[in-house]
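Number of protein chains: 2
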Amino acid sequence: MRDILPVLNGWYSAGVPFGLATVVSTSRSAPRDPGAAMAVGPDDEVVGSVSGGCVEGAVFELAQEVVASDEARLETFGYSDEDAFAVGLTCGGEITLLVRPVTAALDPAFGEIAESVAAARPVTVATVTDGPAPRGATLAVWPDRVTGTLGTTGLDVAVTADARGELALGATGLRHYGPHGERREDAVTVFLHSFAPPPRMLVFGAIDYAAAVARIGAFLGYRVTVCDARPVFATPKRFPEGVEVVVDWPHRYLGDTDTDERTVICVLTHDPKFDVPLLEEALRRPAAYIGAMGSRRTHDDRMKRLTESGLSEAELSRLRSPVGLDLGARTPEEVAVSVAAEIVALRWGGSGAPLTATAGAIHPS
Amino acid sequence: MRDILPVLNGWYSAGVPFGLATVVSTSRSAPRDPGAAMAVGPDDEVVGSVSGGCVEGAVFELAQEVVASDEARLETFGYSDEDAFAVGLTCGGEITLLVRPVTAALDPAFGEIAESVAAARPVTVATVTDGPAPRGATLAVWPDRVTGTLGTTGLDVAVTADARGELALGATGLRHYGPHGERREDAVTVFLHSFAPPPRMLVFGAIDYAAAVARIGAFLGYRVTVCDARPVFATPKRFPEGVEVVVDWPHRYLGDTDTDERTVICVLTHDPKFDVPLLEEALRRPAAYIGAMGSRRTHDDRMKRLTESGLSEAELSRLRSPVGLDLGARTPEEVAVSVAAEIVALRWGGSGAPLTATAGAIHPS
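As you go down the protein sequences, you meet chains A and B in turn. With the working numbering applied, the first sequence corresponds to residues 66 to 430, in that order. With the working numbering applied, the second sequence corresponds to residues 66 to 430, in that order.
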């Protein structure tokens, strides 16, 4: 949708109603991901795309209908084998679209959302797609404020809290609720669409543990890069699909790449020659989390070298070493869970204690 | 290998040397998983299989060679497109085999391992496949004892500790070490082969969170089953491949299925009508972990009903509710990490506190 938002905002600002179709879910391999959008505006002008071409005709008519009726529709399209071939798929697939009319009356926050996206300010937009709540109703969640309503206060409160979680990860997808926001019910389906890049996870050291940490990083929504100076270990074959694998000296790679205050950095190298210059670079950069693996002895030795390198107390205090929560983790997967748990706890201020042993809210509101 | 172990043990007991080929790793889709084995014994008798047929000829010769030379070999076979077609693959693949001679002198624990497997007693066998350690050397790890050596005490200690982790999960795969067991080095490759079924994770309630909990359960090595009474939610499509999805009343399904002291049970249903009878059943059964999701209010209400149902204090104390560690988790993936972290901490006795705030050993030895 990001690509066509300037055109949509032009129509919106001019007060012209338009029909907006958004991919809200897909099954098996579909040509476009959730969030892809197509719109039909004045004079039947079409922008964007929701498939490789095969369902656009039907969507065009649906978009006209929703504008005429002022009522949103939810439609699922399956690809026949022939269609699948036409859009370059070999195994079929299915996409579900929400098609809704957009006007200033129905969607008062649309202009503000478009401006945020244009200015690269992160925002998550929640839209009701199904169930006993007004279909097409939207709620926009920024880090510091909320606009709109999904129909009930309970639903607004629950979705706002969850949208903040997805916003931090730049994640997009469906969530289910009860009519008043009950988290373990399924009656109401809400599409959470985040306009923010996913945060980065940088894993240094292509050891056994790195593959497990990379997998759980991807599971949590990170865009993962693994970097190691040794070409025999830093091979894409050893890592899950979608993980970027870089052969370079860790501190040199980190010096040349971008990090921001959401980036997590996991140092799994095992050699002061790699990890001391790497941590010197990391501790002076924006990052949400900087963790380094190693025994207590490695940690003490590393801290000594880092102190000698002139890092300040405040810079050194950012280092989580030894990395992870104390779970007694043994296998690479268990260690990866302990690292992921520490990253989540640091993000939201959790203590790591069992919830059975604490009181108060289970997650921040 | 389990299938051919009785034959191998016959040869071993009779003092006849044989050549044993074991799949230690595969890439892309390969016909057999790590642990599959083929052996060549007296009079060139062949048992077992390591592929769909295409590399068995070469393995036959290798097995004869290793018996003649008394030296283990590591060999990788790639499938050409033609071979791949022959074994029913469409995209090629690669398998790596360790081929080693087995005699009483080279492998004194072989008979004891075979007896354990026959008696369904869990054991993990570690074998050096590559690097500066004696190729083919084995170490067998039972819950209560260890036999054999991989060449250095440091390597034996590290591999024993890790094998206990894999043993608890019935997991099989390669791990890498330094020559003296250094965990973050890669020089020595060791194949850990567990003869134990993977533990079960039972997830009740096919809500959004269930898919995330099922994924992280599979990541940790569990054989995952999701059960819900509602056929529209309990569909395989909503869950990752490999997860069993059952439509049944939770307490009825649990009443009819097997659990053991490694089983983890996650109750994500949202209705006392489902979860009270389910937890009554769960809390009276063998299980490593029984967790139930819900707000503090749901928890209080549930505990009241469970107490009324006549469960003892000891039975009730097994319930982890609200489920998970206090990470402030928001997204389904974050909640799943908090549940996984609690499961691991309970398994090995971890506190959940950050390792930066604790002293002493990072994982149990």
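By construction, these hints were calculated from the structure, which means they are not laboratory data. Keep in mind that a hint or two might mislead.
No copy is singled out in the list; a pair is fine if it fits within one copy or between any two copies.
[Stated by the list, open to error] Below, in silico cross-link-like pairs of lysine to any residue (SDA-like), each with a Cα-Cα straight-line distance of 20 Å or less: (1) K369 / F339; (2) K302 / W76; (3) K302 / F284; (4) K338 / R249; (5) K369 / T423; (6) K302 / G143; (7) K338 / V312.
Hint check results:
no.: 1; hint: K369 / F339; in the structure: within (15 Å within a copy, 56 Å between copies)
no.: 2; hint: K302 / W76; in the structure: neither (47 Å within a copy, 38 Å between copies)
no.: 3; hint: K302 / F284; in the structure: both (19 Å within a copy, 18 Å between copies)
no.: 4; hint: K338 / R249; in the structure: between (50 Å within a copy, 14 Å between copies)
no.: 5; hint: K369 / T423; in the structure: between (36 Å within a copy, 19 Å between copies)
no.: 6; hint: K302 / G143; in the structure: between (33 Å within a copy, 14 Å between copies)
no.: 7; hint: K338 / V312; in the structure: within (16 Å within a copy, 56 Å between copies)
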